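Student: As a plain string of letters, each chain reads:
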Amino acid sequence: MEFTQTNLYSLCSILLFAIGLLGFLLNSDFIRKLLGLNVIGIAIFMLLLAAANTYPNAVDPIPHAMVLTGIIVAAAGTALGLNLASKIAKFARLVQKEEAAATPVESLLDNSRNDLQGRG
Amino acid sequence: MNDIFITVFSIPALIILPMALAIICFVAGKTTLSRIISVMSAMVLVAICALQAGYVLQQGAPIELIVGGWQPPLGIKLSINAFSAIMLLMTSTIGLAITLYSTHYFENDDKEARFWPLWWLLITALNGVFISSDIFNTYIMLELLGLSAVSLIAIQGTQQALQASFQYLLVGLFGSLMYLLGVAIIYRTYGVLDNQLLAHLVESNLSMQLALALITLGMMMKCALFPLHFWLPSAHSNASAPVSAMLSALVVKAAFFILFNFWFEILTPVVTTAAVTILGVFGAMAVIYGSFRAFTSPRLKQLIAYSTVAQIGYLFLAFPLMFVAPDLARTAIIYFIVAHGCAKAAMFLAAGVIQKTVGHDQLSQLQGIAAQLPLSIFVFAVTSASLIGLPPSGGFIAKWLLLNNAVEAGQWWWVVTLFVGGLLASAYLFRVLNLAFTTPAQESAIVISSVSEGKLLGAVGLAIITIIIGLNAMWLTNLITSSY
Amino acid sequence: MNDFFTNNRQVIEKSLIVILVSLFTGFFIFALFNQPVHNNELQALAVTHLDQTGVTNIVTAVLLNYRAYDTLLEFAVFLSVAIAVLPYILDTPVLKFKLQEESQVLLVAKAFIPLTIIMAGYLLWIGSTKPGGAFQAAALLAGCLVLLSLANVRVIDFTKLRYRLLMSTGLIAFLAVILLFNIISGVFLRFPLELAGISILAIEFFATFAIALILFLCFESINKGHA
Chain A
1 MEFTQTNLYS LCSILLFAIG LLGFLLNSDF IRKLLGLNVI GIAIFMLLLA AANTYPNAVD
61 PIPHAMVLTG IIVAAAGTAL GLNLASKIAK FARLVQKEEA AATPVESLLD NSRNDLQGRG
Chain B
121 MNDIFITVFS IPALIILPMA LAIICFVAGK TTLSRIISVM SAMVLVAICA LQAGYVLQQG
181 APIELIVGGW QPPLGIKLSI NAFSAIMLLM TSTIGLAITL YSTHYFENDD KEARFWPLWW
241 LLITALNGVF ISSDIFNTYI MLELLGLSAV SLIAIQGTQQ ALQASFQYLL VGLFGSLMYL
301 LGVAIIYRTY GVLDNQLLAH LVESNLSMQL ALALITLGMM MKCALFPLHF WLPSAHSNAS
361 APVSAMLSAL VVKAAFFILF NFWFEILTPV VTTAAVTILG VFGAMAVIYG SFRAFTSPRL
421 KQLIAYSTVA QIGYLFLAFP LMFVAPDLAR TAIIYFIVAH GCAKAAMFLA AGVIQKTVGH
481 DQLSQLQGIA AQLPLSIFVF AVTSASLIGL PPSGGFIAKW LLLNNAVEAG QWWWVVTLFV
541 GGLLASAYLF RVLNLAFTTP AQESAIVISS VSEGKLLGAV GLAIITIIIG LNAMWLTNLI
601 TSSY
Chain C
605 MNDFFTNNRQ VIEKSLIVIL VSLFTGFFIF ALFNQPVHNN ELQALAVTHL DQTGVTNIVT
665 AVLLNYRAYD TLLEFAVFLS VAIAVLPYIL DTPVLKFKLQ EESQVLLVAK AFIPLTIIMA
725 GYLLWIGSTK PGGAFQAAAL LAGCLVLLSL ANVRVIDFTK LRYRLLMSTG LIAFLAVILL
785 FNIISGVFLR FPLELAGISI LAIEFFATFA IALILFLCFE SINKGHA
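As they're listed, the protein sequences go chains A, B and C.
Our numbering puts the first residue of the first sequence at 1, with every later residue one more than the last.
Our numbering puts the first residue of the second sequence at 121, with every later residue one more than the last.
Our numbering puts the first residue of the third sequence at 605, with every later residue one more than the last.
Just so you know, these hints were derived from the structure itself, not from any lab.
Remember, it's a predicted structure, so these values are computed and weren't measured experimentally.
Each hint should be verified, as a subset may be incorrect.
The calculated lysine-lysine pairs, modelled on DSS-like cross-linking and capped at a C-alpha distance of 27 Å, are [to be verified]: (1) B:Lys-231 <-> A:Lys-90; (2) B:Lys-476 <-> B:Lys-150; (3) C:Lys-618 <-> B:Lys-231; (4) B:Lys-231 <-> B:Lys-150; (5) B:Lys-476 <-> B:Lys-575; (6) B:Lys-476 <-> B:Lys-231; (7) B:Lys-575 <-> B:Lys-231; (8) B:Lys-150 <-> B:Lys-575; (9) C:Lys-764 <-> A:Lys-90; (10) B:Lys-150 <-> C:Lys-714.
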């Protein structure tokens with residue numbers, strides 16, 4: 001393997017992918033997991049673009065289009081994730097408020113007793 | 121005339137019709153209008169898919185459409201072969217049954233305004249996955265499928281549903297990113313994205329092994345094969361009944377369809393005997409584990425969701441047999457998908473009626489429900505027969521085909537799994553039926569305000585289909601096998 | 605011994621994950637550079653067919669001619685997210701477009717918004733010849749809306765029908781163009797050469813507004829927490 005700019009970019013993208021993967025797997029926080037996924041996505045786009053630049057005189061346009069499409073799709077996924085996270089946080093705040101008001105929360109807990117094992 | 125319609129206009133219609141419906145339902149926001157046009161278009165889709173399936177199975181050749189006239193590798197090709205034609209027909213049929221059910225399910229609930237557009241986008245994505253013949257296009261379809269499925273769970277609005285949908289979103293995004301990485305590696309190596317062109321170019325080498333491993337990991341997550349099934353029970357049991365039915369019956373199958381295509385159509389040279397055996401073992405473990413967890417589930421919908429985990433396992437049992445007798449194993453897989461899809465959708469719909477009328481789905485408090493909701497329990501019983509694999513049902517034929525294959529291949533250990541799985545399935549399903557038919561200790565244990573089982577019409581239809589495909593097994597298996 | 609495992613379970617799990625990921629990364633690097641890169645036939649093909657597309661920017665040609673089907677679905681993905689996050693009932697009342705307080709953000713907004721809108725128009729216009737196009741322009745427009753929102757000017761009531769219509773115009777325009785040409789020529793998703801440039805510009809024009817509005821909706825749904 002010769003040391004070209006393209007190969008350097010590919011190598012960096014793989015390392016970035018590893019960072020994203022670690023971020024996704026090691027954090028238990030939902031938002032951080034989402035960020036980890038975004039880093040993975042960017043690493044993949046970088047890999048595609050690096051391969052597109054193998055022949056600098058004739059840059060392959062298909063990966064560019066794929067990346068443009070991919071970015072939009074990734075943005076959509078992230079937006080949905082953040083929206084869901086904010087709704088979940090709203091529920092959590094609601095529960096906290098009720099606890100602070102010292103009202104019995106037995107009924108609420110009963111509802112949320114649910115099989116969510118292996119979450120995250 | 122008819123042929124021109126099928127070959128030229130029917131494929132775009134599968135995408136454009138549901139997409140246009142989604143837009144109309146979204147912009148108008150009127151539930152009555154949405155219901156009427158949804159039912160009508162669902163019927164049109166069934167007709168289109170039936171025509172296509174008839175054409176493909178008779179001609180024995182796939183229908184192909186080159187989008188925009190740009191030949192691959194530059195453009196995208198859409199194609200419908202026997203497998204995808206049957207999947208499309210199943211999608212539209214189950215879609216029609218669930219659409220009929222959903223028109224009565226929500227009852228002045230403001231969720232319905234969001235349900236219809238997302239529902240039609242989900243069907244767009246399912247159709248898209250089945251007709252796509254381009255690996256990058258499949259990625260976009262997967263994302264559309266994943267995001268609309270997540271949104272459909274989230275519109276339920278309860279805390280559990282939101283948490284389950286978030287978890288499902290993470291799993292779905294991770295799965296499709298793994299798939300995209302696989303696609304990126306494939307494109308980097310061969311520079312094409314079309315399925316068939318790729319199949320000609322692929323050789324067994326390290327980078328293709330890596331790509332196949334990544335794609336398999338991603339799709340295993342999305343179709344909830346045993347070690348990666350953790351998200352499925354909460355996601356499927358917390359959604360509303362129509363959504364659960366669609367997720368269990370079709371959405372996991374779409375991921376399976378992609379996985380199957382990659383293993384046996386596109387990256388075939390890379391697949392080794394060891395690899396298929398590993399997937400088979402995962403499948404066997406899924407059957408045992410899923411059935412066991414279904415048996416110990418406290419809630420009805422959770423029981424059905426775990427049963428899906430088990431039934432997905434059966435599909436992977438056929439993987440090792442694909443190396444010995446590919447035609448028979450493929451027919452068995454198709455049979456299994458259709459039988460399970462129809463049965464599981466009908467079962468979730470019945471469970472939805474039970475949950476709606478009783479107000480909960482705690483199994484311990486469902487005693488004597490058969491007297492109040494006879495039709496729901498009838499649907500449940502008929503579909504149970506198919507899931508267990510009792511004789512006149514489609515499930516029986518599917519298992520019998522698998523069993524025949526395994527014995528012929530001399531791989532008897534899969535037979536053991538089939539038997540144990542069947543026994544466990546009968547155990548957990550009879551647990552429900554047993555409870556339903558026992559008279560409750562106190563007469564007024566269950567207070568039911570109004571019983572309306574009219575919406576189960578579609579579910580009854582699906583239950584009958586599981587029996588019909590069992591009764592016409594010879595004809596159907598010959599048709600499917602000969603079309604390859 | 606058992607105590608050690610139970611007490612340090614998290615640490616052990618995490619170190620296992622780190623080891624597995626590093627092993628995988630090593631294999632990944634090895635496998636990827638094991639195989640040469642493709643021979644770039646597709647690029648040559650894309651260039652030869654460029655004169656049949658009606659645009660001169662090759663990436664736009666891929667996005668809206670060769671692989672226009674992908675772009676159509678990408679709009680659908682975006683719309684599905686919009687449907688999911690769209691608030692059907694607003695918690696907080698919508699203020700009329702009035703510049704009440706002279707906040708710092710508002711000053712910035714006043715200075716930048718007109719410029720940004722011109723910039724967005726320019727990006728949209730050059731999309732067919734140079735890098736640029738609907739998404740870039742939409743991102744700028746969405747930026748304007750975000751700036752207004754941060755200056756506490758609430759301009760959009762998402763419960764209104766007209767905004768739902770505006771959010772789907774990108775997809776509607778695309779579908780309309782496809783249907784029109786499909787009926788005329790019988791080919792799915794092919795623009796006739798003489799009309800290709802104008803149809804692509806029309807699709808991108810509507811898509812710009814749709815995407816900008818959806819991006820802003822995503823921001824609002826998280827920022828204001830109403831849903």
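Student: If a hint holds in the structure, say so; if it doesn't, say that too.
Tutor: Against the structure, the hints come out as follows:
{"no.": "1", "hint": "B:Lys-231 <-> A:Lys-90", "result": "holds, 19 Å"}
{"no.": "2", "hint": "B:Lys-476 <-> B:Lys-150", "result": "holds, 23 Å"}
{"no.": "3", "hint": "C:Lys-618 <-> B:Lys-231", "result": "violated, 41 Å"}
{"no.": "4", "hint": "B:Lys-231 <-> B:Lys-150", "result": "holds, 12 Å"}
{"no.": "5", "hint": "B:Lys-476 <-> B:Lys-575", "result": "holds, 12 Å"}
{"no.": "6", "hint": "B:Lys-476 <-> B:Lys-231", "result": "holds, 15 Å"}
{"no.": "7", "hint": "B:Lys-575 <-> B:Lys-231", "result": "holds, 18 Å"}
{"no.": "8", "hint": "B:Lys-150 <-> B:Lys-575", "result": "holds, 20 Å"}
{"no.": "9", "hint": "C:Lys-764 <-> A:Lys-90", "result": "holds, 25 Å"}
{"no.": "10", "hint": "B:Lys-150 <-> C:Lys-714", "result": "violated, 39 Å"}
Going down the numbered hints, you'll see the structure goes against 3 and 10, while the others check out.
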